[in-house]
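Chains as they are written, first to last, in this note's numbering: chain R, 1 to 505; chain Z, 1 to 200.
Source of the hints: derived by calculation from the structure; they are not laboratory data.
Bear in mind the structure is a predicted one, so any value in this text is a computation, not a measurement.
Incorrect hints may appear among the rest.
[Unchecked claim] One side of the interface only, derived from the structure: several residues of chain R facing chain Z at Cβ under 10 Å:
1. Thr-62
2. Leu-63
3. Leu-385
4. Met-402
5. Leu-424
[Claimed, not checked] Distance condition first, Cα-Cα at most 30 Å in a straight line; then the derived DSSO-like pairs of lysine-lysine:
6. Z:Lys-152 - R:Lys-434
7. Z:Lys-195 - R:Lys-496
8. Z:Lys-170 - R:Lys-482
9. R:Lys-496 - Z:Lys-72
10. Z:Lys-108 - R:Lys-434
[To be verified] Far from chain R, by Cβ distances over 10 Å, these chain Z residues were calculated:
11. Gly-20
12. Ala-24
13. Pro-90
14. Asp-91
15. Asp-99
16. Lys-108
17. Val-112
18. Val-136
19. Ser-168
By construction, the Cβ of each residue, glycine as well, lies at the ideal position given by its N, Cα and C atoms.
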Amino acid sequence: MKSSVTTALGIDVTEAQISVVLLGKADGGFRILHATRTPVPEGAIEHGRIVDPSVVLAALKTLREHHKNRTRRVALSLPIPGTLTRVIPLEELDPQQIARFVEGEVKQYASFSGRATVSDFRVLVPAMPGTTGKLLVSAADHEGAATLVSTCRNAGMPSTTVESGVTACLRAFTETRTSASGDWTLLALRKDGTLTLCVLRKGILDYIRTKTIPTMDAEPQDVHEWVANECNAVVEFYRLAGGTASGRWDVLVIDDTDGGFSEEDQGIISRFLSVDDVKFWTRTQWLAELAIDGQIDEKLSIAGVGLAIRSLRQDDHGSSVNLLPQEERRAIVVRRNMLLVANALATLMLAVVLIGGGFSWMAERANRNTVNLRRASLERGDRPLPQAVNALTFLEQRTSAMSAEMNCLRRVPESRVDLDWGRLLADIRDAVPKALQITELSLAEGPAIQVEGVSESYEGVDTFVGMLNRSDHIRHAALVRKARSTAEANVRYVVKCSLIARKIR
Amino acid sequence: MMRARLQYTLTPGQQNAVIGVLSAIGLVAVYGWAVRPHVASLHAAQQYAWATSLRLDLGESINEDITAEQRKLGAMDAERVAFSEMAFSPDEAVQFHNDLQALCQETKCSVVSLGYGSDENIARQGAQEVVSAMVVRSATLTVDAPYNNVVKLLESLSSRRRKVWIDSFKMTTPSPKSDCVVCEMTVTICVDLAKQEDTP
Numbered sequence: 001m002k003s004s005v006t007t008a009l010g011i012d013v014t015e016a017q018i019s020v021v022l023l024g025k026a027d028g029g030f031r032i033l034h035a036t037r038t039p040v041p042e043g044a045i046e047h048g049r050i051v052d053p054s055v056v057l058a059a060l061k062t063l064r065e066h067h068k069n070r071t072r073r074v075a076l077s078l079p080i081p082g083t084l085t086r087v088i089p090l091e092e093l094d095p096q097q098i099a100r101f102v103e104g105e106v107k108q109y110a111s112f113s114g115r116a117t118v119s120d121f122r123v124l125v126p127a128m129p130g131t132t133g134k135l136l137v138s139a140a141d142h143e144g145a146a147t148l149v150s151t152c153r154n155a156g157m158p159s160t161t162v163e164s165g166v167t168a169c170l171r172a173f174t175e176t177r178t179s180a181s182g183d184w185t186l187l188a189l190r191k192d193g194t195l196t197l198c199v200l201r202k203g204i205l206d207y208i209r210t211k212t213i214p215t216m217d218a219e220p221q222d223v224h225e226w227v228a229n230e231c232n233a234v235v236e237f238y239r240l241a242g243g244t245a246s247g248r249w250d251v252l253v254i255d256d257t258d259g260g261f262s263e264e265d266q267g268i269i270s271r272f273l274s275v276d277d278v279k280f281w282t283r284t285q286w287l288a289e290l291a292i293d294g295q296i297d298e299k300l301s302i303a304g305v306g307l308a309i310r311s312l313r314q315d316d317h318g319s320s321v322n323l324l325p326q327e328e329r330r331a332i333v334v335r336r337n338m339l340l341v342a343n344a345l346a347t348l349m350l351a352v353v354l355i356g357g358g359f360s361w362m363a364e365r366a367n368r369n370t371v372n373l374r375r376a377s378l379e380r381g382d383r384p385l386p387q388a389v390n391a392l393t394f395l396e397q398r399t400s401a402m403s404a405e406m407n408c409l410r411r412v413p414e415s416r417v418d419l420d421w422g423r424l425l426a427d428i429r430d431a432v433p434k435a436l437q438i439t440e441l442s443l444a445e446g447p448a449i450q451v452e453g454v455s456e457s458y459e460g461v462d463t464f465v466g467m468l469n470r471s472d473h474i475r476h477a478a479l480v481r482k483a484r485s486t487a488e489a490n491v492r493y494v495v496k497c498s499l500i501a502r503k504i505r
Numbered sequence: 001m002m003r004a005r006l007q008y009t010l011t012p013g014q015q016n017a018v019i020g021v022l023s024a025i026g027l028v029a030v031y032g033w034a035v036r037p038h039v040a041s042l043h044a045a046q047q048y049a050w051a052t053s054l055r056l057d058l059g060e061s062i063n064e065d066i067t068a069e070q071r072k073l074g075a076m077d078a079e080r081v082a083f084s085e086m087a088f089s090p091d092e093a094v095q096f097h098n099d100l101q102a103l104c105q106e107t108k109c110s111v112v113s114l115g116y117g118s119d120e121n122i123a124r125q126g127a128q129e130v131v132s133a134m135v136v137r138s139a140t141l142t143v144d145a146p147y148n149n150v151v152k153l154l155e156s157l158s159s160r161r162r163k164v165w166i167d168s169f170k171m172t173t174p175s176p177k178s179d180c181v182v183c184e185m186t187v188t189i190c191v192d193l194a195k196q197e198d199t200p
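Bound-form chain Z, shown alone:
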């Protein structure tokens, strides 16, 4: 029996084309299945490393800023503590004003007049909105006493543990033959309202 036999033959060019196409498909498949996941993994790892490095650099920079801020804050805190040392506590301020007349008597100065001013918050002195417990308290004192007694009064005011400022001072001699002088002065102290009572 005759059997019809089909023969499929390819020319060398067709064979090369088939081999080329199959090779290209194989290469693409191998790249997709074997190489690309590794490439993606490497890319992800590099991106993660880059992001981590960036994050750590940022964190390091912020930590350095924190250290600098802490240092600045510490310096200001020390300065404030030093300022607070020369400020009166509220109780001390009351006591100081109460003791002014007694101090004058101690130094043999006659008190002509003694007036108390209102508290002035230091925040009002600046343009900024500042919350502070520090206030300035003034008292106006007029005494009549010999010159040396006035000197003693001023020395005793200056020698206190807390700071006392003489904001205004005027001394006049009532008469040429008198030994006494009339002295008007404004005594100013700083009061830290937040300060607790110190042990003397």
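Bound-form chain R, shown alone:
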């Protein structure tokens, strides 16, 4: 799985100094973003335990001020004298049995007798039926580890990973270009006043022992000779133990201290070692083997780099034991859960506020629209609905009644003929020739009038009809009948005139 972490902090705590390394990811490797260290006053940390936490806290705060990065990936190493790191044979197959087995093994060590411990393990070679496996066990004094972790947390650098400086240095070694060379590799790590000897068989950890370097009344040359003898003893042990260890041995002496082995010291150790190839890594030399960029402190802590690498690498197959006390693990989980809950609550509150605010705004807008509608209605002079309905009902009733009355009223002139009788009769009088006489004039349907009379001649009748047609009040005058009877000499006629009615005002 690819890690999403881009920066990590490694805090290497020894009895003499505290080193901090801020490491970032780079293309194909790592990049040192910041590295610093500060000495620890003598007596503040003794035998791997913090005696004066306030002094350590002040030192950590000083380091904290130097780097501004707020990475949450912090790994912490415990002083080697206060820890136990061993590779022990494994016969158990059940993981729960292995945990009990480790607990029992740790209790057997005199340095932890009577005290609570924190321990972790990692199976290096799994046990098979009939075959013994290998188990890496790491343990520390619970109180010491808890004190250091809480001190780091109080300094603003809460660590999620705690391990021994030995395993941190081992990880730094496995990251180097020469880590996998050779069948047998012996690492001799000088750090924190101790010498740790590790044997790697084809890159897999096979043996670890830590011993305190004797300093009382010892000359430097004697110490170097002692280191060489310890290495020789381990190699000899392996050679005597079985034929497979008789191959090529690479010995790497790592000095993770500020002083480091001088060339003269390295010559002394090489002279006393009974192996062919011996390499020496000091804090200034080993970085050439590591694919790492950035401005490098000459005295960069190897364990600090190893710690930071652990946080940056998710696929760490090295010694990934974690000595973080159980209560700290729980506290981390609780803090993380509380943070999650707080974030969730904050998000929920924000959502509620936004949703509530949105709904309130929409309701307010709806009310505003309603008020505007009512105001516009009032400005138009619209009546209130009940009054409007009453008024409309009244008006409709009145209109209906009046309409009915008007229909009747209209029928009065429509059913009658409005004629200009004076002009009409005057026109008829003027149209009568001398030889013609009107005997009867009556109003007929149409409107029309029927004129009957006698004439001395037919021509007179025709002239009369022609004159009637010239009248402005007669639409058309037509001769209905004209006849001369045998008894009379006159011609009797009947003329019907359709009339032009006056327009109704």
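With the hints as your guide, set chain Z onto chain R.
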């Protein structure tokens, strides 16, 4: 002293279930206490806005109808006023009928007969039940006069301020050598019983 200590531990699945149930309860509670009142308020406001809009639209429509009715009523009122102008008031109608004989004498027409008909309400002319103060009043007049005098009589009837209709007309010559004609006519006027006396 040994103390028995009970440890309650939950598996990750149980933890997730507890968190899920608590989250669901919390969400429901938050919805009920914080969101739902706002939703209800918004719903009420929208319903109120919708109802108000509907009511105002209805009111606007009714007001438009009122305006249209008022316009129609105004037009009919004007028409009725115009009709009322040509109708006689009750006093005028009485006076007109009383003056008919005098009018005939003015135009030198001899009144042969003069009969008054009864009032006929215009509402009876239609099928509808109409209440109206307008009635039609007729009089039957027969005169004996020269043709020109009859013309004058008719002209004086037509030239009145109120409308006078001649519903029937029949003019006959009694003898060929006579200058006079006998003229029968029905004179009809409209009377507005509700009309007050106009100043002449």
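Going through the hints against the structure:
Among the interface hints, the one on Thr-62 of chain R is violated; its C-beta lies about 40 Å from the nearest C-beta in chain Z, farther than the 10 Å criterion. Because the closest C-beta pair between Leu-63 of chain R and chain Z is about 37 Å apart, greater than 10 Å, the hint is violated. Taking 10 Å as the C-beta contact cut-off toward chain Z, the hint placing Leu-385 of chain R at the interface holds, the least distance being around 5 Å. With 10 Å as the threshold, the beta carbon of Met-402 of chain R comes within range of chain Z, its nearest partner Cβ sitting at about 5 Å, so the hint holds.
About 8 Å separates the beta-carbon of Leu-424 of chain R from the nearest beta-carbon of chain Z, less than 10 Å, and the hint is met. For the suggested pair Lys-152 of chain Z and Lys-434 of chain R, the alpha carbons sit about 22 Å apart, so the restraint of at most 30 Å is met. For a cut-off of 30 Å, the pair hint linking Lys-195 of chain Z to Lys-496 of chain R is broken: about 41 Å separates their Cα positions. This hinted pair checks out: Lys-170 of chain Z and Lys-482 of chain R have alpha carbons roughly 21 Å apart, not beyond 30 Å.
Distance restraint check for Lys-496 of chain R and Lys-72 of chain Z: the Cα-Cα separation of roughly 43 Å exceeds the 30 Å cut-off, and the hinted pair is therefore not satisfied. A C-alpha spacing of about 25 Å is found between Lys-108 of chain Z and Lys-434 of chain R, which places the hinted pair at or below 30 Å, so the restraint holds. Consistency note on Gly-20 of chain Z: stated as away from chain R, and its beta-carbon is indeed over 10 Å from all of that chain's, at 12 Å minimum. Listed as a non-interface residue, Ala-24 of chain Z keeps its Cβ farther than 10 Å from every Cβ of chain R; the least gap is roughly 13 Å.
No Cβ of chain R approaches the Cβ of Pro-90 of chain Z within 10 Å, the least distance being about 17 Å, so the stated non-interface status holds. Once the 10 Å rule is applied to beta carbons, Asp-91 of chain Z is consistent with being away from chain R; the minimum gap is 20 Å. With a minimum CB-CB distance of about 18 Å to chain R, Asp-99 of chain Z clears the 10 Å threshold, and the non-interface call stands. Lys-108 of chain Z, annotated as away from the interface, keeps every beta carbon of chain R farther than 10 Å; the closest lies near 15 Å.
Distance check on Val-112 of chain Z: its Cβ is at least 16 Å (rounded) from any Cβ of chain R, clearing the 10 Å threshold; non-interface status holds. Here Val-136 of chain Z does not stay apart from chain R, with its beta-carbon only about 6 Å from theirs, under the 10 Å limit. At the 10 Å boundary, the C-beta of Ser-168 of chain Z falls inside the reach of chain R, the nearest C-beta of that chain being 6 Å off.
Checked against the numbered hints given earlier, this structure breaks hints 1, 2, 7, 9, 18 and 19; the rest are met.
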